[in-house]
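Q: Chains as they are written, first to last, in the numbering used here: chain A, 100 to 229; chain B, 160 to 454.
Quick caveat, the hints were computed from the structure, so don't treat them as lab data.
Heads up, some of the hints might be wrong.
As the list claims (entries may be wrong) - Derived lysine-lysine pairs resembling DSSO-like cross-links, with alpha carbons at most 27 Å apart:
| id | chain 1 | residue 1 | chain 2 | residue 2 |
| --- | --- | --- | --- | --- |
| 1 | B | 255 | B | 267 |
| 2 | B | 410 | B | 446 |
| 3 | B | 294 | B | 446 |
| 4 | B | 446 | B | 175 |
| 5 | B | 260 | A | 112 |
| 6 | B | 255 | A | 112 |
To be verified - What the simulated footprint calls covered on chain A by chain B, stretch by stretch (three residues with Cβ under 8 Å from a Cβ of chain B suffice, anywhere in the stretch; the number is not a length):
| id | segment |
| --- | --- |
| 7 | 120-128 |
| 8 | 134-141 |
| 9 | 188-199 |
| 10 | 206-219 |
Unchecked claim - Partial chain B-side listing against chain A, Cβ under 7 Å, derived:
| id | residue |
| --- | --- |
| 11 | 204 |
| 12 | 208 |
| 13 | 316 |
| 14 | 325 |
| 15 | 350 |
| 16 | 389 |
Note that the Cβ used here is the ideal one computed from N, Cα and C, for glycine as well.
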Amino acid sequence: MEFEISGDELVNKVEELSGQNIFSCYQCGICTGSCPFAAEMDLGPRRMIASLIEGQVEVLQSNTPWICASCFQCVVRCPNDIDIAAVSEALRQMTQRRGFDHIDLSHIPAEERERIPQIAFVGSFRRMTR
Amino acid sequence: MKLPFYPGCSLKAQAKNFETSGIAAAHALGVELVEIERWNCCGTVYSLTGDDLMRQVAPVRNLIRVQEFGENRMAVLCAMCYNTEKRASLRAQRNKEDLEKMNAFMDKEEDYRGEVDVVHLLEILRDEVGFDRIKDRVERPLRGLRVSPYYGCMLLRPREAGIDDADRPRVMEDLLGALGAEVIDHPYKSHCCGSYHTVDDPHLVARRAHAILSSITAHGGEIVALSCPLCKHNLDDRQELVAQLYPDFSKVPVVYFTQLMALAFGLEDAMGFDQHYVDPHPLLEEKGLLRKIKV
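Construct all of the structure, not just a fragment, from the sequences and the given hints.
A: Next comes the structure, spelled out in structure tokens:
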């Protein structure tokens with residue numbers, strides 16, 4: 100997917116949507132150290148923020164915001180009170196608002212649809228589809 | 160004490176045993192959870208973008224149901240619903256401009272005044288019933304049962320929604336202790352279980368469940384107590400996949416804290432131990448807490 104957006108526009112939009120000051124991050128890394136999913140991510144939360152500070156638009160193709168499940172472990176520990184989960188949400192929504200869904204529900208087996216609780220479906224639709 | 164109660168969707172289906180045991184256990188302590196009328200899905204996850212007020216309307220609508228009742232508190236059992244409703248209530252209370260916009264969206268409803276407080280049953284048990292009274296109500300102490308509490312995320316974080324200290328919670332430990340159980344601490348009690356990724360990436364969830372449950376058993380826990388239907392699904396039902404991926408894994412039963420209350424209070428009809436992938440009966444029978452049923 101192509102993004103016609105400059106680094107500055109990206110950071111401004113992320114800050115507007117998330118209400119966070121990206122540049123207050125001093126890269127201590129407690130977010131990545133606390134993140135239960137860090138090993139599953141290409142960047143992890145610290146490098147996701149670093150990419151934004153540096154204006155790298157490729158961050159929009161990172162798996163990091165999609166794996167982030169808003170568990171808020173990094174948020175309660177960030178010494179600069181950055182709501183990193185909200186930054187992930189802003190990045191997801193920038194993709195979604197361009198008309199892209201991240202998951203395809205037609206691949207979920209019927210048996211799974213019976214077993215998985217509704218809150219999982221609604222949560223996953225809200226975080227990963229338009 | 161009567162309290163307006165928001166069950167949420169999962170408590171009417173996969174987590175029916177959470178609702179049944181929760182209502183019965185609260186009733187045994189003099190707390191009547193009265194289901195609110197015409198409630199709707201809360202949306203499950205709190206929307207984190209500032210301009211996305213439309214997604215706050217669903218949780219706020221439930222608060223209007225409570226307001227119409229003439230009440231100012233709403234009790235919740237499901238940890239995800241609790242978190243979403245709590246944060247929506249705080250946003251409406253603290254941000255009058257957002258509240259006005261939300262009210263404008265809902266032109267067929269009476270205006271929400273921002274006055275309903277959202278509470279989790281665990282808070283009521285700790286702050287209003289008290290653990291001494293709970294201890295007095297116990298008929299069948301859970302003696303010798305090694306229970307590991309699992310908070311997950313939504314009861315503790317972010318801080319504005321937390322019912323206890325985000326790093327060192329103790330409400331579940333205190334409750335389980337009052338029920339006579341042996342509480343087994345472990346380092347993963349507030350680590351995320353993988354949440355809604357159970358829909359798109361069950362293997363990721365299985366890796367999380369394996370890390371959490373292996374740590375619990377390594378520390379001596381033999382049963383897990385929690386408060387979230389999604390954590391329950393990921394830590395209980397997903398053990399089928401965990402066992403396929405990790406042949407040495409030993410299964411561990413996962414139950415709602417309210418089921419252990421119902422067990423300790425002797426509420427035979429409200430325990431609901433039949434809605435589990437890993438059957439808790441053998442362990443509870445071995446401990447002499449449940450009678451063996453002869454077939």
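Q: If a hint holds in the structure, say so; if it does not, say that too.
A: Checked hints:
1. B:255 - B:267: Satisfied, since the Cα-Cα distance of roughly 20 Å is no more than 27 Å.
2. B:410 - B:446: Satisfied, since the Cα-Cα distance of roughly 17 Å is no more than 27 Å.
3. B:294 - B:446: holds, 19 Å
4. B:446 - B:175: Holds: residue 446 of chain B and residue 175 of chain B sit about 25 Å apart, inside 27 Å.
5. B:260 - A:112: OK: residue 260 of chain B and residue 112 of chain A at ~22 Å, within 27 Å.
6. B:255 - A:112: Holds, at roughly 24 Å.
7. 120-128: n = 0 at 8 Å, threshold three: violated.
8. 134-141: Held - the segment 134-141 of chain A has 3 residues with a Cβ nearer than 8 Å to chain B, which meets the minimum of three.
9. 188-199: holds (count 3)
10. 206-219: Answer holds; 8 residues pass the 8 Å Cβ test.
11. 204: holds, 5 Å
12. 208: holds, 5 Å
13. 316: Hint on residue 316 of chain B: holds, closest Cβ of chain A at ~4 Å, below 7 Å.
14. 325: holds, 5 Å
15. 350: Cβ of residue 350 of chain B sits 5 Å from chain A, so the hint holds.
16. 389: holds, 5 Å
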